[in-house]
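Line order of the protein sequences matches chains Z and R.
Under this note's numbering, residue 400 is the last one in the first sequence; the count climbs by one each step, no gaps.
Under this note's numbering, residue 312 is the last one in the second sequence; the count climbs by one each step, no gaps.
You can trust all of the hints, since none of them are fake.
List time: in silico DSSO-like cross-link candidates among lysine-lysine, alpha-carbon distance up to 30 Å: (1) Z/279 x R/217; (2) R/119 x Z/279; (3) R/219 x Z/279; (4) R/219 x R/191.
Worth flagging that the hints you see were computed from the coordinates, not collected in a lab.
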Amino acid sequence: MTQGKASPDTGSGAARSTTQTSRLGWDRGALARRVTALPRPAKWALIGLFVVFLYALPLLEIPILSTPDTDFGAVLFTVASYVLVALGLNIVLGYAGLLDLGYVGFYAIGAYTVAVFGSLQAQLSWWVLIPLAVLLTTISGILLGAPTLRVRGDYLAIVTLGFGEIIRLTALNLEWLGAAKGITGVPRPPSVEMFEIPHLQWEGATAVIDLDDTTTFLVFGVADQAPYYWLMLTVIFIVLGADRMLRLSRIGRGWEATREDEDAAELMGVPTFKFKLLAFACGAFIGGLSGALFASRQGFINPESFLLILSILFVAAVVVGGAGNRYGVILGAIVVAYLPERFRGFEEWRLLVFGLALLLLANFRPQGLLPPRRAKRAQAVDEQLDALEEGTARA
Amino acid sequence: MPSTSVSEQPVARNGAALLSLDDVSIQFGGLKALDQVSFDVREGEILGLIGPNGAGKTTCFNVMTGVYQPTSGEVRFAGVPLGRRKRFAITRLGIARTFQNIRLFGNMTALENVLVGADAHHRTNVIDALIRSPRHRREEREGEETAREVMKFLGLDKRADELARNLSYGEQRRLEIARAMATKPKLLCLDEPAAGFNPAEKAQLMDLIRRIRDQRGLTVLLIEHDMSLVMGVSDRVAVLEFGRKIAEGTPAEVRNDPAVIAAYLGTEVDDLDDEEGVL
Numbered sequence: 006m007t008q009g010k011a012s013p014d015t016g017s018g019a020a021r022s023t024t025q026t027s028r029l030g031w032d033r034g035a036l037a038r039r040v041t042a043l044p045r046p047a048k049w050a051l052i053g054l055f056v057v058f059l060y061a062l063p064l065l066e067i068p069i070l071s072t073p074d075t076d077f078g079a080v081l082f083t084v085a086s087y088v089l090v091a092l093g094l095n096i097v098l099g100y101a102g103l104l105d106l107g108y109v110g111f112y113a114i115g116a117y118t119v120a121v122f123g124s125l126q127a128q129l130s131w132w133v134l135i136p137l138a139v140l141l142t143t144i145s146g147i148l149l150g151a152p153t154l155r156v157r158g159d160y161l162a163i164v165t166l167g168f169g170e171i172i173r174l175t176a177l178n179l180e181w182l183g184a185a186k187g188i189t190g191v192p193r194p195p196s197v198e199m200f201e202i203p204h205l206q207w208e209g210a211t212a213v214i215d216l217d218d219t220t221t222f223l224v225f226g227v228a229d230q231a232p233y234y235w236l237m238l239t240v241i242f243i244v245l246g247a248d249r250m251l252r253l254s255r256i257g258r259g260w261e262a263t264r265e266d267e268d269a270a271e272l273m274g275v276p277t278f279k280f281k282l283l284a285f286a287c288g289a290f291i292g293g294l295s296g297a298l299f300a301s302r303q304g305f306i307n308p309e310s311f312l313l314i315l316s317i318l319f320v321a322a323v324v325v326g327g328a329g330n331r332y333g334v335i336l337g338a339i340v341v342a343y344l345p346e347r348f349r350g351f352e353e354w355r356l357l358v359f360g361l362a363l364l365l366l367a368n369f370r371p372q373g374l375l376p377p378r379r380a381k382r383a384q385a386v387d388e389q390l391d392a393l394e395e396g397t398a399r400a
Numbered sequence: 034m035p036s037t038s039v040s041e042q043p044v045a046r047n048g049a050a051l052l053s054l055d056d057v058s059i060q061f062g063g064l065k066a067l068d069q070v071s072f073d074v075r076e077g078e079i080l081g082l083i084g085p086n087g088a089g090k091t092t093c094f095n096v097m098t099g100v101y102q103p104t105s106g107e108v109r110f111a112g113v114p115l116g117r118r119k120r121f122a123i124t125r126l127g128i129a130r131t132f133q134n135i136r137l138f139g140n141m142t143a144l145e146n147v148l149v150g151a152d153a154h155h156r157t158n159v160i161d162a163l164i165r166s167p168r169h170r171r172e173e174r175e176g177e178e179t180a181r182e183v184m185k186f187l188g189l190d191k192r193a194d195e196l197a198r199n200l201s202y203g204e205q206r207r208l209e210i211a212r213a214m215a216t217k218p219k220l221l222c223l224d225e226p227a228a229g230f231n232p233a234e235k236a237q238l239m240d241l242i243r244r245i246r247d248q249r250g251l252t253v254l255l256i257e258h259d260m261s262l263v264m265g266v267s268d269r270v271a272v273l274e275f276g277r278k279i280a281e282g283t284p285a286e287v288r289n290d291p292a293v294i295a296a297y298l299g300t301e302v303d304d305l306d307d308e309e310g311v312l
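Let the hints inform the model, and build the full structure from the sequences given.
And the structure:
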């Protein structure tokens, strides 16, 4: 089984073997089709190039993409952390269909673990802090899920909404957790100084290598944020791979079946409660990881960093992108995180425009920018359904 | 055992009870949905469960599959009391069912629907899936083999990659049966599988139910409104009315049972007439 990042998302390895020849081949878009049609080495080369491009983004300083008013590396890091969070929430919301409105709670637990045990109460090593943060977040996910996943739909949304706020208010009110003044001196990832990488500088359409503006590989400092972005990007690739593995297994199918019809799934032998809890734990794991990395980049956190609005934005990222499609939610996260940064210049208009864009999206593309192939296929098939029905003998 | 309706190659029907309902009662508030119902489903037989609307047929299914707990009485499967077993655990024991209103996983492909059924006995966990362990790969391969084989048996192999909700009505009904069969049950419970079918489709379904028993060796419990179908395909028939069992026996016996005739005269006399004098 190929595991290329760019190969199309098939629901199961099983489905793939025949869908290639399926007469109702789904619409992957012309570009994607052309890429998949390429011979394997060429495909891998393309994917490789794209990956290199992603890593090089903060160095290229491409004029249109780069944010004029803020450090581009920092913006990229923010976008990447939204992407990671969206991937985690996608497991909960997109795959298992559980509306979690308190996802920021996990993000906060991850961040606070690193800050509290790395600076405020203890000085553990960064290498210990990250696994610890992930572990605590996952446990908190299970603790939250065990009682609440017995309720469905709206109730789950309300309970999780409360969870997110409780975490923030706890941090705000406990002196041990730094209270309102927050925690400073959060440990940064350990640096290894190896070599300097020059940035590009653009004069009109020509780029020159700017030897005065360099990023030191691999130093996690304050000024240059590119290394944090590289770290986050690497984590994203790992999570993407894991996401794909789970999706193409009994677990992914169980999640989907639970989302589609919980009772029927249970009666077909899916232990739905266990699987929902697992989805919650996976989501918490990824959310906590993202929060931990955020804290160790930021160096400083306080309860203000984990407002309810973040939960809403995370859900927006997943829904805007297309819940259930990992590439869709990546796109959604980019839209939600990058656009406001890019157009920071408009300042007071920023949120209005952003809200308007969301409104338009909800109206004209309710299934998301890049819906799961199922939704796309379903549309294509719906159009051909009449013709098909005539040719198909009903039994 | 009289088998006017059974196909030529009779399967061993030794009469041992596979599933037993023993004085099962279930009460919803003031309503007694089932009132001390007892009957056996014998290994290898096709048992029809009939009764007017609201007689408690689907409630019976729900008790057997763990959706409801009986208020009193006991359900035993292969001699083992179901007790408070979870629904998925009962499925793993070997009881599978379809639904009166089709309840497929609409946005999954037909094959994936059946794979979910096949997964009922799989043990792949997160670690297995992440590292593609031998167990994961074996279970994926076996699951797909099972699923494709069952779909072929039901004539759905050409539709494997369609979304379930895009299948025709008849195909959806059969896909439900395929999904249930993929869980490798001993007892297959079909809840009104012929609802909405025309006579030709009903005839095919009868044939299919017989094949499921004869070729796959499954015991079948069938809830159906269509008298000609039930009488035609069942070895024995149990009749419910107002949550009570009022008759049980071969189709011929049940057909002539005064209590059954009385029960049906009120509500579904038209239905019976339509079936060209089966009763």
